[in-house]
Amino acid sequence: DGGITQSPKYLFRKEGQNVTLSCEQNLNHDAMYWYRQDPGQGLRLIYYSQIVNDFQKGDIAEGYSVSREKKESFPLTVTSAQKNPTAFYLCASSIVAYTGELFFGEGSRLTVL
Amino acid sequence: EDQVTQSPEALRLQEGESSSLNCSYTVSGLRGLFWYRQDPGKGPEFLFTLYSAGEEKEKERLKATLTKKESFLHITAPKPEDSATYLCAVRASGTSYDKVIFGPGTSLSVIP
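Protein chains in written order, with the numbering used here: chain A, 1 to 113; chain B, 1 to 112.
One thing to keep in mind: the hints can contain errors.
Capping the alpha-carbon separation at 20 Å, the derived lysine to aspartate or glutamate pairs in DMTMM-like fashion look like this [said to hold, decoys possible]: (1) 9(A) x 58(B); (2) 63(B) x 101(A); (3) 57(B) x 82(B); (4) 9(A) x 39(B); (5) 71(A) x 24(A); (6) 79(B) x 98(B); (7) 83(A) x 59(A); (8) 57(B) x 101(A); (9) 42(B) x 54(A).
Keep in mind the hints are simulated off the structure, nothing from the lab.
Just chain B, with the same shape it has in the complex:
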């Protein structure tokens, strides 16, 4: 069964304390992995797309990496405004159409 899991469920960091969020997936035929940021009560905002193992993407304090079984979202020297829920999604080839499967998210809190 195609599945996407994220860990930890919640993460609390001090401002400036770097860390990583994990997204693990078991899908048949990966056709892309996507990271989103979601603020409370808002819709998700697209951050990155990764297609193949070894690929990396960066945006400000965020860097996303991809292996054959998981992706990491590295947060370097986070600031309070980085507090949000980070969602991971994968696009997997299906029998009749490609499916986009979302993980449950990691809730990040950055304390000043």
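The shape of chain A in the complex, shown without the other chains:
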């Protein structure tokens, strides 16, 4: 079955550590996204990529980095510069960019100890 796989589902990090969240899709979608979800707030866009080897900052990119070396993969690194990293992180993809019809993964919950 086609879909988006995120790993790990749960992750604990000590302050000062970088962590990388994995996102893989087999939907053959061009565009991929990373969102952050906090209680009581709407999803906020961290980074998005329209095509391989290209990505743009979203609304809250500070303290995060991404790469898009393969069409299927869009990993997110949460760096030590991110001041409040504890959140639920969602990876999504779409057939084309700039559409609101997104396919989401199951999410990764990051907790900073």
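Position chain B relative to chain A; hints supplied.
Below, chain B without anything else, positioned relative to chain A:
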């Protein structure tokens, strides 16, 4: 400022008790409104796209409608399995790229 709000924040219904969820938006250049369902600890699941005022979409017990300022998600005779958080999002034309703005969601609980 582009904004999407949803009401109520939480809704508790008896099984079979129909109701509506509201999504209000203030954006420049609406290019689509989207509804999603999100189960606890899971990613959102796409439900509907609406493009113009007067448009309606239906899926099982759900019907989404759109006006120039808001959208409603009507739930007819809900069942416990309809319990979830329902997210609304709008696509708005931006200066350099179209933005998709999500509302905070409405948490629906359907009691047997």
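Quick one: which hint numbers does this structure break? Sort them smallest to largest.
1, 6, 9
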